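For the protein sequence lines, the chains are A, B and C, in the order given. Residue numbering for the first sequence is 1 to 303, as defined by this note's numbering. Residue numbering for the second sequence is 1001 to 1426, as defined by this note's numbering. Residue numbering for the third sequence is 2001 to 2366, as defined by this note's numbering.
These are computed hints drawn from the structure, not numbers from a lab. Everything numeric in this text was worked out from a predicted model, so none of it was measured. Some clues are possibly wrong.
The list that follows gives simulated cross-link-like pairs (lysine-lysine, DSBU-like), each with its CA atoms no further than 30 Å apart [as the list claims (entries may be wrong)]:
(1) Lys2366(C) to Lys2217(C)
(2) Lys1140(B) to Lys2121(C)
(3) Lys247(A) to Lys2286(C)
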Amino acid sequence: MALPPYVGPADIAWHYGFRFYCALVLIFLMLPILVIIPLSFNAEPYFTYSEGMLAFEPEAYSLRWYADIVTNGMAAPNAPFSWSWIQDSWSNAQWIHSTKNSFIIGIAATLIATTLGTLAALGLTRPHMPFRQAIMALLISPMIVPLIISAAGMFFFYSKIGLSHTFPGIILAHAAIGTPFVVITVTATLAGFDSNLMRAAASLGATPPRTFFKVVVPLISPGVISGALFAFITSFDEVVVVLFLTKFEQRTIPRQMYAGIREQISPTILAVATLLVIIAVLLLLTMEMLRRRNERMRGLSPG
Amino acid sequence: MAEAVITAAPTEVSDAVNLKARLRSATARSRRNAFLLTAPLLIMLLITFIVPILDMLFRSIDDPIVGQAVPRAAIALEDWDSGAGLPSEEAYAALVADLAALRTGGSDGKALIGRFATRLNFEQPGVRSVITKTARKAPKLKEGPYKDALIKIHKKWGQPEIWAAIQRLSAPYTVVHFLASLDLHYDVEGSIVGQPEMRQVYITIWLRTLYISGLVTLLCILLGYPVAYLLATLPQRTSNLLIILVLLPFWTSLLVRTTSWIVVLGRNGVLLETLAWLGLVGDVDRPQLIYNMTGTIVAMTHILLPFMILPIYSVMRGISPTYMRAARSLGANPARAFYKVYLPQTVPGVGAGSILVFILAMGYYITPALVGGQNGTLISNFIAFHMQKSLNWGFAAALGAILLAGVLGLYWLYDRVVGVSNMKMG
Amino acid sequence: MKRSFTTTAVAAAGLAMLGLSTFGTAQAAESITVVSWGGGYTQSQIKAYHEPFTAETGITIRSEDYNGGLAEVKAQVEAGSVIWDLVDVELSDAVRGCDEGLLETIDHSILPPGDDGTPAKDDFMEGTLFECAVANIVWSTIYAYDKSKLTGAVPKTIADFFDTKKFPGKRGIRKNAKPILEMALMADGVASGDVYDTLSTDAGIDRAFKVLDRIKKDVLWWEAGAQPPQMLADGEVLMTTAYNGRIFNAQVVENKPFVIVWDGQVWDLDLWVIPKGAPNKETALKFIAFSTDTKRNAAQASYISYGPVRKSAAPLVSTHAETGIDMKPHMPTAPENFKNALQNDFEFWADHQDELNERFNAWLAK
Chain A
1 MALPPYVGPA DIAWHYGFRF YCALVLIFLM LPILVIIPLS FNAEPYFTYS EGMLAFEPEA
61 YSLRWYADIV TNGMAAPNAP FSWSWIQDSW SNAQWIHSTK NSFIIGIAAT LIATTLGTLA
121 ALGLTRPHMP FRQAIMALLI SPMIVPLIIS AAGMFFFYSK IGLSHTFPGI ILAHAAIGTP
181 FVVITVTATL AGFDSNLMRA AASLGATPPR TFFKVVVPLI SPGVISGALF AFITSFDEVV
241 VVLFLTKFEQ RTIPRQMYAG IREQISPTIL AVATLLVIIA VLLLLTMEML RRRNERMRGL
301 SPG
Chain B
1001 MAEAVITAAP TEVSDAVNLK ARLRSATARS RRNAFLLTAP LLIMLLITFI VPILDMLFRS
1061 IDDPIVGQAV PRAAIALEDW DSGAGLPSEE AYAALVADLA ALRTGGSDGK ALIGRFATRL
1121 NFEQPGVRSV ITKTARKAPK LKEGPYKDAL IKIHKKWGQP EIWAAIQRLS APYTVVHFLA
1181 SLDLHYDVEG SIVGQPEMRQ VYITIWLRTL YISGLVTLLC ILLGYPVAYL LATLPQRTSN
1241 LLIILVLLPF WTSLLVRTTS WIVVLGRNGV LLETLAWLGL VGDVDRPQLI YNMTGTIVAM
1301 THILLPFMIL PIYSVMRGIS PTYMRAARSL GANPARAFYK VYLPQTVPGV GAGSILVFIL
1361 AMGYYITPAL VGGQNGTLIS NFIAFHMQKS LNWGFAAALG AILLAGVLGL YWLYDRVVGV
1421 SNMKMG
Chain C
2001 MKRSFTTTAV AAAGLAMLGL STFGTAQAAE SITVVSWGGG YTQSQIKAYH EPFTAETGIT
2061 IRSEDYNGGL AEVKAQVEAG SVIWDLVDVE LSDAVRGCDE GLLETIDHSI LPPGDDGTPA
2121 KDDFMEGTLF ECAVANIVWS TIYAYDKSKL TGAVPKTIAD FFDTKKFPGK RGIRKNAKPI
2181 LEMALMADGV ASGDVYDTLS TDAGIDRAFK VLDRIKKDVL WWEAGAQPPQ MLADGEVLMT
2241 TAYNGRIFNA QVVENKPFVI VWDGQVWDLD LWVIPKGAPN KETALKFIAF STDTKRNAAQ
2301 ASYISYGPVR KSAAPLVSTH AETGIDMKPH MPTAPENFKN ALQNDFEFWA DHQDELNERF
2361 NAWLAK
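With the hints as constraints, model all of the structure from the sequences given.
See below:
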């Protein structure tokens, strides 16, 4: 967007001032996340850049906090590296423990949320859906209700029926919180769905199941996958419900981080945070790929 | 399917009325099928989400303990006028009988005394030990006058307050928790009055919650609107790159972002160290940027900003640049063209973003809990306090019910303004 | 009716995921869940109690952390799904929990006699055995400062903590009315014997809050016991209230230049309780008897500076397990530390904690 030659100095000042302001906002968004990444390689247990780090001395940097992720909590962290060392880390290291839990809970909750959410979205976009507006509002409410209220309610009720402090309990809770994202994304995909495609398939002799799998599924799958990713990250990042509903055995990464921030901020948390930023980047790239694929399939792509 | 065809065949020849009926039944079937598709999710949400919340809300009015613990005293106090002196001897006798029965009623009875004492203690601070002490002695009181005997055990039995509390709480349902949520309570005569000033907490907290949510929303508009505008007006290729800078924080864990702010804003944090290095702040007298309201506002603005930028951006993308060009060519200067033509068209996006940010901010818990300190905590933190520390669950439920009502009101507004079906992610 | 329907439905859903739930509980050999306060304190218990207990009985111990309070216990007991076997609680919580029927009663005859043959009921210090609870340590809330940050005069009395003119700088305080109100009154000149009488009157409460007003703008509030040493080390605060053992750990194990001011300390007990209906009640009782015998009670004190509750254990307190320094002068009950000390009044706090925390919250909010 080069400036046309006829603009005056006020316009130029405005143009650059505006961009400068936007740059500041974007820095505000990104910088805090980036600042912690180098700090996670700090050789010392502090949160400030040491002079050595600023001078790029190699000995001021270390991977000790990353090593701490896999060793903290092990029975014999200093044993020589061997198969039994790996076993020890796999079953005893606290962060490994919470990583396993985060994935177990996240994946199970995502499967439930995605299956039920996609079915519901298919129903909601049918032409004769009764009470569409009301049901939609209800299905999206878990996203709107403050987590502290959901967590409090679940804490009381799940305790009553013996689900608190169990894997099924936290999985169902996270599935409930994740469904709105699936419903929203899949409904949005289906809203742009041209039902003539189904008629065309039928007129060409395809049976309804064949139409569903050959026409509908490929078209909505980007929506379903991105909904699933949203549901997964929601569970993966959730800590309020986890605080109320789990004990040590179900402790997840965010729960472990929460305890760490409140009690002992060691740079290990920064190392974990860095890994989580990398996960976020990967998820973002996946989403972007899905979005482009979706646009291409509908012939919406600009280029 | 095949069956349907066979049974349908003979009606092929029937008249228009029949056709109408068939059409209606087909529609009904279609409605039913559509509904059945949503049924599994509805059922799951009902069990895992809706019922738990209703169950919690019920706790805010459910208050059976006093009626269960001292039924005789409750009856004896029914007609007592709390404004006109102490209750009658019968009430004292009934209470002694109740407490004696509980005391000798095994571990369940004893536990009920404890819960009764705790319940009453929430209303009348300090009476817990009065009750437990009286209950210990109650089985030994064989004959009257019970009034003197009780007053001898503790002088509080000679004051109407404790009796008024028993009388009021003996009903199975109560509104005291809702009153307390607004810094109100019953006085001894049964009229609703404000709490004494030194016990007023919640009005302040409600106002603070609204203030912080409003301020964060405003900051998000101020920071987000220009960025959305930039993203919407840049060429697609550039804006696709820049939008990653908005989306990455959006996808990054909430705890990572909160941790970042602790690292950045701490007393020896990156920001203050840099400023000190530049000579802008001293080594000793540094401003407190975290563990107070500033910390909460900065971190929450950062976390919620993408929720503002994305809806505004998606609205702006739909605005054709020709409108602005037309306004300019008709002689409007850029500021006027923007104000009169562009801005009004972006209002739906700003509205959607604002309501969303405001709703999310109202219920924030984790970030204020970690960086809020003494004056940066919100109502959610008090709900958690009464859930986990004071164990006044009925009160926590009442605070939650009021918060929920506020949020659902805004949600309804959002639905009217934007429509939940138009909500987009990412 | 409604409940039974939902139970069935959820049970069905739960059944489907049973495969997953076994992930977490695969190690199903006999074990008990012991809940304590985390950090250096839990570490000392693991070394002094858990490891020898496992070695002797083969029963594994799962250690969990919490930040005090009865919420979890109450929820578990009311719901009838208790998962904790043993909890380390403060005295006022032990009393309240016992009153409300949330805790199992403990038969004191299971406690072994002292090593010198004194029966348990005489060997435990007075006021450390309760219907539902057995004390395990004496700990204290003190305040501490970082001496490397101070030149010239150093704080010596509880009044110095509340004096930001003499010692300008931030203060760390636990975000709770207890026991900072007591400390404020002692700083204002109330003798330790009169603190709770004063605090029972409105004028006394106002007086305590007036003292707190002096430093309010300089306070950073903490909630978890591990925070105060961290805050001191990071330079976030100049002085902070803390549990004495945590500061000891930082001093001795991490070589931090911290100094404890014992004047105006408020001491309290930590006790073992068993939630009503605990899954492994018998084992939990066995663990209580094991961990409070003379030897373990004294051994605990060689990992962290919390005093034993058995008279027979006091003389056995020796040296720190890692550094070999003498532990006796670091105990809250050491005579030179105990000159101006106040015992936390559990009855007072059980009665007034709701009211005072409410007022404390109101005061914070203003």
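Is the hinted pair Lys1140(B) and Lys2121(C) satisfied, with a Cα-Cα distance of at most 30 Å? holds (28 Å)
Given the hinted pair Lys247(A) and Lys2286(C), is their alpha-carbon gap at most 30 Å? The hint holds at about 24 Å.
What's the verdict on Lys2366(C) and Lys2217(C), does the C-alpha distance respect the 30 Å limit or exceed it? Holds - the C-alpha atoms of Lys2217(C) and Lys2366(C) are around 11 Å apart, at most 30 Å.
The structure agrees with every numbered hint stated previously.
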